[in-house]
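Asker: Chain by chain, the residues:
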Amino acid sequence: KQEVTQIPAALSVPEGENLVLNCSFTDSAIYNLQWFRQDPGKGLTSLLLIQSSQREQTSGRLNASLDKSSGRSTLYIAASQPGDSATYLCATPGSHSGNTPLVFGKGTRLSVIA
Amino acid sequence: SQTIHQWPATLVQPVGSPLSLECTVEGTSNPNLYWYRQAAGRGLQLLFYSVGIGQISSEVPQNLSASRPQDRQFILSSKKLLLSDSGFYLCAWSPAWDSKNIQYFGAGTRLSVL
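These protein sequence lines are chains A and B, in that order. This note's numbering puts the first sequence at residues 1 to 114. This note's numbering puts the second sequence at residues 1001 to 1114.
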């Protein structure tokens, strides 16, 4: 059974810093991996999706990497801003196919201090 | 474009009362539909998912049930709420035709059982 872990649970950084959020998964035979953002009391917004054949995806200041052999993904945020403050979750399908429910990590709560 | 609606946004209910949360998707047909719960200090937990009308899969045995009376309508129900049912409930959909399984989330319902 796939399990997803995110470390750290919370992170506080000053504005302008580059930072890395970590996600690990137990079954390396993943189909894809998604990173989401959740603002307090709100739903989830998909940020990036990495297919199993890819090593990274980029969107603006965000870069997500995937290393299946080590069971890890990282989300890199460049030049952090106070507006980046949110909880970031990673998730992967629970089985080795695309259209199955996602298994989520508990998230990393990020605070960017101005 | 596709949109997902979830209501109500917040709900306060006494223990033992019934529950009905509704989720509808517009702009697509035959979506995969999901109900998740996010409890304080815990990750996002899949409750139910559906790949078609009347087809419901339950992930966790509990006090809740789900129904899909129409193609783009997903309802979460309970006959008698428990204190442990408190949490943030999220509905999501993904296109059945896209194996990437990118999920799109509603704004959520904050349920407090007192």
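I should point out that these hints are in silico values taken from the structure, not numbers from a laboratory. The reader is advised that the hints may include incorrect statements.
Said to hold, decoys possible - Below 30 Å or equal to it, Euclidean Cα-Cα: the simulated DSS-like pairs (lysine-lysine) are:
1. A:68 / B:1079
2. A:106 / A:42
3. A:1 / A:68
4. B:1079 / A:42
5. A:68 / B:1080
6. B:1100 / A:1
To be verified - A few chain A residues facing chain B, derived, Cβ under 8 Å:
7. 12
8. 13
9. 14
10. 28
11. 93
12. 95
13. 101
14. 104
15. 105
16. 109
Don't be surprised by glycine CBs; every beta carbon is placed ideally from N, CA and C.
Asker: Tell me the hint numbers this structure goes against, listed in increasing order.
Answerer: Going through the list in order, the structure violates hints 1, 5, 7, 8, 9, 10, 12, 16 and respects the others.
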